[in-house]
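The listed protein sequences derive, respectively, from chains A and B.
Quick note on numbering: numbering that gives the first Met the number 0 labels position 6 of the first sequence as 5, and the sequence is numbered without any gaps.
Quick note on numbering: numbering that gives the first Met the number 0 labels position 152 of the second sequence as 151, and the sequence is numbered without any gaps.
Think of the hints as simulated: they come from the structure by calculation, not from any bench.
Check each hint, because a few of them may be wrong.
Straight-line alpha carbon distances no greater than 25 Å define the calculated SDA-like cross-link-like pairs of lysine to any residue that follow [stated by the list, open to error]:
id	chain 1	residue 1	chain 2	residue 2
1	B	LYS127	A	LEU51
2	B	LYS127	A	PHE108
3	B	LYS127	A	GLU112
4	B	LYS127	A	TRP107
5	B	LYS127	A	ASP43
6	B	LYS127	A	GLY194
7	B	LYS127	A	ALA48
8	B	LYS267	A	ILE105
9	B	LYS127	A	ILE105
10	B	LYS127	A	PRO167
11	B	LYS267	B	SER68
12	B	LYS61	A	ARG204
13	B	LYS127	A	VAL50
14	B	LYS267	A	GLY55
15	B	LYS127	A	GLY55
16	B	LYS127	A	GLY47
17	B	LYS127	A	LEU189
18	B	LYS127	A	GLY109
19	B	LYS61	B	ARG97
20	B	LYS127	A	SER111
21	B	LYS267	A	PRO102
22	B	LYS267	A	LEU106
23	B	LYS127	A	ALA113
24	B	LYS127	A	LEU106
Please read all numbers here as calculations on a predicted model, not as lab measurements.
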Amino acid sequence: MKGAALLAGGLLTWELLSRLGPWPRWLFPGPAAVASSLVAMGADGRLGAAVLRSLGRLAQGYSLSVAIGVPLGVATARSALVRTAVRPVVLGMQALPSICWLPLAILWFGLSEAAILFVVVMGSLLAVAIGTEDAVSSVDPILLRAAGTLGIRGPRFYYGVLLPGALPGVLTGLKLGWSFAWRALMAGELLFVAGGLGQLLQAGRELLDAAQVMGVMVAIVAIGMTVDRVLFRVLELRVRRRWGLVEAAAA
Amino acid sequence: MRAATVALAVLAAALAPGCREEPPADRPLRLGYFPNITHGQALVGVDDGTIARELGGKLDPKMFNAGPSAMEALLVGDLDASYVGAGPAVIAYFRSERAGLRVVAGAVSGGAVLVVRDARSAQDLAGKRVGSPQLGNTQDVALRTWLRAHGLSDRGGPRGVEVTPLTNADNLAMFRRGDLAGAWVPEPWGARLVAEAGGRILVDERSLWEGGRFPTTILVVSPRALERRPADVAALLRAHVALTRRWQADPEGFGRLANEAYGRRTGKPLKDAVLRDALSRLEPLDDPMPAQLARLAQHAQALGFAPPGDPSGMVDATILREVARR
Chain A
0 MKGAALLAGG
10 LLTWELLSRL
20 GPWPRWLFPG
30 PAAVASSLVA
40 MGADGRLGAA
50 VLRSLGRLAQ
60 GYSLSVAIGV
70 PLGVATARSA
80 LVRTAVRPVV
90 LGMQALPSIC
100 WLPLAILWFG
110 LSEAAILFVV
120 VMGSLLAVAI
130 GTEDAVSSVD
140 PILLRAAGTL
150 GIRGPRFYYG
160 VLLPGALPGV
170 LTGLKLGWSF
180 AWRALMAGEL
190 LFVAGGLGQL
200 LQAGRELLDA
210 AQVMGVMVAI
220 VAIGMTVDRV
230 LFRVLELRVR
240 RRWGLVEAAA
250 A
Chain B
0 MRAATVALAV
10 LAAALAPGCR
20 EEPPADRPLR
30 LGYFPNITHG
40 QALVGVDDGT
50 IARELGGKLD
60 PKMFNAGPSA
70 MEALLVGDLD
80 ASYVGAGPAV
90 IAYFRSERAG
100 LRVVAGAVSG
110 GAVLVVRDAR
120 SAQDLAGKRV
130 GSPQLGNTQD
140 VALRTWLRAH
150 GLSDRGGPRG
160 VEVTPLTNAD
170 NLAMFRRGDL
180 AGAWVPEPWG
190 ARLVAEAGGR
200 ILVDERSLWE
210 GGRFPTTILV
220 VSPRALERRP
230 ADVAALLRAH
240 VALTRRWQAD
250 PEGFGRLANE
260 AYGRRTGKPL
270 KDAVLRDALS
280 RLEPLDDPMP
290 AQLARLAQHA
300 QALGFAPPGD
310 PSGMVDATIL
320 REVARR
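Turn these sequences into a full structure, and let the hints guide you.
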């Protein structure tokens, strides 16, 4: 109730600022104009197509990141050799904003889907790997020792003890990787025309349509929040319950 | 509560576009233009000092790479005047609720072609990808309007063409690689696609307009400049008219000067043959062509690029007429 009232107040202030502010209204449109722009984009199918395209790319790039990043993180945590060889590189490259990969991506892959995917993977892979490594390194040593005592080795150790033990932490890494992937995707889509939300945003700028730009921003926020709230919240809750962390927190 | 008010005020101040300090009237006239052969008057006029001389030295030329960014600058008051393509100017005019700019003169007519690899008609392009220089620019609007007139959608699909806005250089590269079935581009890129990528001209846009004339580059000014410093606008127009006449009188010589200026900015002047071919399809013209601009506006509105509105107040040729009479 209070939340809804605050939201309504915020929207009202925004609309009033837009109408009464000293700047031209077309440069700073209010929520009504933004909403009608969103409806128009939805009605002629542009928004739906862009969302599908962006989410499709995200799904591909993110799956690749997870498929490479989780094993990489486990290897870094478990093997001294890999740690010495890979860790400084991973940590160093994590400091590189994903957009920096774009020139190289275009040189290597041309103006193609692969170029955008590359940027998404480079943007999120390292976050996933670092998150996994931290999680695996901080698994309770008693668990590991018990597994050793019980003679559990090989794949059974990894899938039965190590990964489940690290799962809550891994999930945090995955979540971070997701938001990095989302950012990288927008950066990649902004730079050249290939459908997707980033391009819809750019189109708004090129047509000097601030309402469209804001509308797409709202859509991006909404999707980001939905994925975060629905997918990750549910996953996290299930993992925490399974590991008895919910009850522990409640107590 | 007080914190919220302060936050709001800070936000409002940070977000305040277009309410900048008024520049003093004696400061240089800020003129936008692009490093492009279709901006010949600006290239030659800036480099040989013609424009600055008429303005008594008060000229601040600013180079842009694309129409939308130049129009952004004009609308928020960072530019007083600009050479620009007709498409972005039309969109900016309607987007600013018809308050952001006035067209004071034409600059160049013609000079836009659809170059294809092997298509013989519009239908041959169905299901393929065709390049344009920029979303909502003059050639992009022309291409989409032409496709629709031939019963093809401009949004891809089997019964449509995927119109892909790319920079001119990328259009050339992708066309050469075979990633584009065609490209609707301004000169000299049409000539370059033919000479360097083996393309063939399918449509010369002059054939689509009555009399073979349509606005490609025009000269726009901000209403503020028009109102507060008409003498400077008149000086700019005097220079513009003189440059246009020079170009009309000696196309080859003027074209060479424009090419030298183009080369100084891009590091790569055009080859003589390409330059001659490109110049053969365009025509310097100071007539702002209000009727053709109105038609272009209708096209842009039909495509949803510009909000609806009446284009009749877009052109203000009063000063141009005065200057031309002298």
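Checked hints:
A distance of roughly 21 Å separates the Cα atoms of B/LYS127 and A/LEU51; the hinted pair therefore holds under the 25 Å criterion. Distance hint between B/LYS127 and A/PHE108 is fulfilled; the C-alpha atoms sit about 21 Å from each other, no more than 25 Å. Between B/LYS127 and A/GLU112 the alpha-carbon distance is near 17 Å, which keeps this suggested pair within the 25 Å criterion. About 24 Å separates the Cα atoms of B/LYS127 and A/TRP107, which keeps this hinted pair within 25 Å; it holds.
A threshold of 25 Å between alpha carbons decides the hint, and for B/LYS127 with A/ASP43 the separation of about 22 Å falls inside it, so the pair holds. A hinted pair counts as satisfied when its Cα atoms are at most 25 Å apart, and B/LYS127 with A/GLY194 qualifies at roughly 16 Å. Our distance criterion of 25 Å between C-alpha atoms is met by B/LYS127 and A/ALA48, whose separation comes to about 19 Å. Between the alpha carbons of B/LYS267 and A/ILE105 the distance comes to roughly 23 Å, so the proposed pair stays at or under 25 Å and holds.
Proximity of B/LYS127 to A/ILE105 is assessed by CA-CA distance (about 22 Å); at most 25 Å being required, the pair is judged to hold. About 48 Å separates the Cα atoms of B/LYS127 and A/PRO167, which puts this hinted pair outside 25 Å; it is violated. The suggested pairing of B/LYS267 with B/SER68 holds, with an alpha-carbon distance near 23 Å, which does not exceed 25 Å. Pair hint B/LYS61 plus A/ARG204 holds up; C-alpha atoms about 20 Å apart against a cutoff of 25 Å.
Between B/LYS127 and A/VAL50, the direct Cα distance comes to roughly 23 Å. Compliance with the 25 Å bound is thereby established for this hinted pair. For the hint pairing B/LYS267 with A/GLY55, the CA-to-CA distance comes to about 41 Å; that exceeds 25 Å, so the pair is violated. Taking the CA atoms of B/LYS127 and A/GLY55, the gap is about 22 Å. The hint holds against a cut of 25 Å. Under the criterion of a C-alpha separation no larger than 25 Å, the hint pairing B/LYS127 with A/GLY47 is consistent with the structure, at around 22 Å.
Pair hint B/LYS127 plus A/LEU189 holds up; C-alpha atoms about 23 Å apart against a cutoff of 25 Å. Taking the CA atoms of B/LYS127 and A/GLY109, the gap is near 18 Å; set against the 25 Å cutoff, the hint holds. Restraint check: the Cα-Cα separation between B/LYS61 and B/ARG97 comes to about 24 Å, which is no more than 25 Å; the hinted pair holds. Between B/LYS127 and A/SER111, the direct Cα distance comes to roughly 16 Å. Compliance with the 25 Å bound is thereby established for this hinted pair.
A hinted pair counts as satisfied when its Cα atoms are at most 25 Å apart, and B/LYS267 with A/PRO102 qualifies at roughly 22 Å. At most 25 Å may separate the alpha-carbon atoms for a hinted pair to count; B/LYS267 and A/LEU106 meet this at roughly 22 Å. About 20 Å separates the Cα atoms of B/LYS127 and A/ALA113, which keeps this hinted pair within 25 Å; it holds. Distance check on the hinted pair: B/LYS127 and A/LEU106 sit about 24 Å apart at the alpha-carbon level, within 25 Å; holds.
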